[in-house]
Amino acid sequence: MDPATVVPVRRLFTHAFQPIVNTLSGTTYAHEALIRGLNGESAYHVLSGCTNDSIDALDRDSGLRAIALAAQLGMSSCLSINARPRSVEGEAHAAALAHAALACGFPIHNLILEVTEDEAIADVAQFIDAVSSYRRIRVQIAIDDFGAGHSGLNLLADFQPDLLKLDMNLVRNIASRGPRQAIVRAILQVCEDLGIEVIAEGVETMSEYAWFSDHGVSLFQGYLFAVPGYEGLPAPVFPQLVSAA
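Per the working numbering, residue 1 is the first one in the sequence shown, and the count goes up by one each step.
Any given hint could turn out to be false.
Label pairs and their in silico Cβ distance ranges [stated by the list, open to error]: (1) G105 - A43: 23 to 29 Å; (2) L38 - A186: 41 to 47 Å; (3) Y223 - D118: 21 to 27 Å; (4) H45 - F159: 31 to 37 Å; (5) Y230 - S76: 17 to 23 Å; (6) A182 - S132: 30 to 36 Å; (7) S48 - R185: 37 to 43 Å.
If you are wondering where the hints come from, they were derived from the structure by calculation, not from laboratory data. Glycine is no exception: its CB is placed at the ideal position from the N, C-alpha and C atoms.
With the hints as extra help, turn the sequences into a complete structure.
Structure below.
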């Protein structure tokens, strides 16, 4: 593939980046690339009106553009890009990502491919086959919005991602929600047993942060730490937890 074809000339969207932080080391673990319009419009605005085929094409293009912009901004953390299973099937997209990373000088092993639970479990066998080509080139795999679907544990039984991002509906107000706490504790134990890193996303309050920190989670994403930065890498804030002892 000619390097000039890695990122098409026609530019209909760009990205904002939101940090995923490691609170133990006080560092930025990764930045998630979020689609935005050229004037800052939401991803929904950019994608509205698109057909499935055009969304898949945009999805593939988005990953390539995110790599190019991350390299331009000098990103040293991992880069997390969202993808639909339909748009990443086969080895062509994996090869395109590897080529884009090489052309931009971005380490391929610093790429994370995020797929939402609902989309990943539509056909587990096909999904596992699809992601094998990414693992061969050392791209990490994350399951996003875990807990929002209906067969998440079945997915983990057949496929172990590198990272799991808890759905924000499980995170929200967890310190005062006993049933959610029981469910999340079980998920955390399963992930520990399987060697899967957990990210608590959508964290907005100190009580949410404190609960997950007390239960061994050190990777966080949410407005408590940083809002997305339009074509930039915002510096995260690390709130100080106060011990109850």
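Check each numbered hint from earlier against the structure, then list the numbers of those it violates in ascending order. none
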